[in-house]
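Put chain B on the given structure of chain A with help from the hints.
There are 2 protein chains.
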Amino acid sequence: MKSNARKSGAAPAGRRNREAEILQAALAIFAEKGYAAASIQDVADAVGVLKGSVYHYIDSKEDLLFQIFENAHGDAELMMRELEALDVDPVERLRAYLERGVANTLQNLELQSLYFRDWRYLTGERRAKLVERRRQYDRYLRDLIAAAYKFKGLQGTVNQRFVSSFVIGGTNWVADWYRPDGKDSPAEVAKSYAQLALAAVLGVAEPAAAARPR
Amino acid sequence: MKSNARKSGAAPAGRRNREAEILQAALAIFAEKGYAAASIQDVADAVGVLKGSVYHYIDSKEDLLFQIFENAHGDAELMMRELEALDVDPVERLRAYLERGVANTLQNLELQSLYFRDWRYLTGERRAKLVERRRQYDRYLRDLIAAAYKFKGLQGTVNQRFVSSFVIGGTNWVADWYRPDGKDSPAEVAKSYAQLALAAVLGVAEPAAAARPR
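The listed protein sequences derive, respectively, from chains A and B. Using this note's numbering, you'd call the opening residue of the first sequence number 4 and step up by one each time. Using this note's numbering, you'd call the opening residue of the second sequence number 4 and step up by one each time.
Simulated from the structure, these hints should not be mistaken for lab results. For clarity, every value in this text was computed on a predicted model and none was experimentally measured. C-beta atoms are modelled at their ideal positions from N, C-alpha and C, and glycine is treated no differently. Warning: the hint list may mix true and false statements.
One-sided excerpt, in silico: chain A residues whose CB lies under 8 Å from chain B [stated by the list, open to error]:
1) Arg120
2) Val166
3) Tyr196
4) Leu205
So here's chain A without its partners, still in its complex pose (with noise of 0.2 Å):
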């Protein structure tokens, strides 16, 4: 969306509707050739519009891409929303934002493989934008982390940015290989790969009282 059309506020509906159409179409293109490879005429002929009209949204191809991934993000962030108003101890919000994550994961396959094969693609603020929301959400999980061991009496023996990092990977890699149409339901792929997070993070704590200065 260029900046002028983002000030204006309450946008036609069919506006909207035209844009979001834009950016779906985009997401799928991008994800399919590739971002470098794909073209702002690829998208325009899979809408059926002129190229001209996309431009009325985006500011360039890379905007495009930004526009796309920041979608993404508002999902992600009513997601925490939800996990804290969850009634549940510490170890369960950890497993239910891992179990979520992956559940979430597995319904929009194709922008994880774009976001994680293509990020780099973006530059300057829109990059910067970008890593800061990562940083973000490593931070958000560090913390569940760090609340799932002080209810447990645990302290980690682990640098605290690699567990995160492992259960990052772990988790973002059901991307890689997951089918929609496989025998694999949905629940059980992230009701397991909750599980074998949140056995690695407990795996490589100890009692905290142990390495407490004596």
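Just chain B now, with coordinates in the frame of chain A:
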């Protein structure tokens, strides 16, 4: 390498060096620009030869990508043979595999990023060969895990395909953030990630007797 060159057996040292130089330049260029955006001309420019000279060693850009990965597979197979020769119990063999795998990733960051981002650009027979290699690694890891469970009298409570994928994803993820000029030593990272992966594997198992039919 073209098939006639492959069949020639002992190639002169100069030819082998030039080929290695081309593969190394292609790896750096593909990793930086992305496979889709890079060209054979870029590779020729980097090596300082004419484009035609590059085609003396490879059939196509896709062949270049494939040859880069083939070289890496050779290293992985060497590591597997070394592991088989280790005189340790199955849990320690699994730990050694994980630790060496991460250390290997850290030593070949460009290759890892290229592999996981762009392997899908391979088509036909080359893609089939690569997919088969990935299946072999997965089977190898699952055999190591099964041996470790057996040794400890355990049985898995989670689908073993999920366990190996989670471990592969978690350990490969180091390539996403690791910087050789950062503060984390490769040895510490490798040891920690192996510890996390082993905790996940052993944490989703229970005593084998528990689920035996009564």
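Margin query: Flag every earlier hint the structure violates by its number, smallest first.
Written below: none
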